[in-house]
Each structure stands twice: as structure tokens, then as C-alpha cells.
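Please take these sequences and the hints and turn them into a complete structure.
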Amino acid sequence: FFSFFSFLMLLLLSQCYHCDNSPTVCRTNSTCLPTEDTCLQLKFGKLRTFSCWKSSQCSVNEIADSFFLDNFDFFCCEHDLCNESAITGVNKAAFSIASMCVVTLHLSPC
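In terms of my numbering, the sequence shown opens at residue 68 and continues consecutively.
Derived from the structure by calculation, the hints contain no laboratory data. Treat the hints with care, as some may be off.
[Stated by the list, open to error] FRET-style restraints, in silico, Cβ to Cβ:
#, residue 1, residue 2, range
1, Lys113, Leu79, 27 to 37 Å
2, Asn138, Leu79, 31 to 41 Å
3, Gly112, Leu79, 29 to 39 Å
4, Ser152, Leu80, 13 to 23 Å
5, Glu145, Thr95, 17 to 27 Å
6, Ser89, Ala131, 32 to 42 Å
7, Asp137, Leu79, 30 to 40 Å
8, Ser89, Asp137, 13 to 23 Å
C-beta atoms are modelled at their ideal positions from N, C-alpha and C, and glycine is treated no differently.
And the structure:
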């Protein structure tokens, strides 16, 4: 019974491509943890990271905090091996002094 249950659980778990700091397209797939329901692709400079992720943490701030980055593109997707394609630039994070100054202008002048 246990092995059949384990097999069924593996069928239900998501699969995503998984590579850390890769300069090329990732072809290594992995089975996600039960808590990971989304695939992530993250591009910073000429490197990309592909991994399983939590949809609740698929935001600029969460990703910036987790990966210690301040200038990156990313996307999350929710079906098996969906994080393979190139990033189109839909989700961008670019924190710079200029953008922080614009935000600060609403509170006080720079």
C-alpha cells in the first residue's frame, strides 16, 4: 500500500527544470516538494536559475530577498516543465538609486 501511495504522490507533484546560475538553457528536471506548486526561471546578467518555487512567493520582493538580487527578470508558471522558455521581460525587478529616488519623491525630496 505504501509504495502505491508514494507512486501516486509522485504523479501529483510538479516537475520543473532545475539549474543554478546556468549560462545556457537548463535541461535537468526535478520533482518539486509538496509545498512547491510553481516553476521559476530567474535571469540576472547572463546567468539563469531554474527551480521549483511557491506561488505565494512569486513576487519581486520575495525573490529579491531569497536570492539576494537587486536587478533581475523572472517568471513563474504552474505546469510541468514550464520554466524552460526564454524570459520575455514581463516581470522585471530593477532597483536602482534613480527608481528609489522616484519612490522617495512621494514621501520627501531627494
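ask   = Against which earlier hints does the structure fall short, listed by number upward?
value = 6
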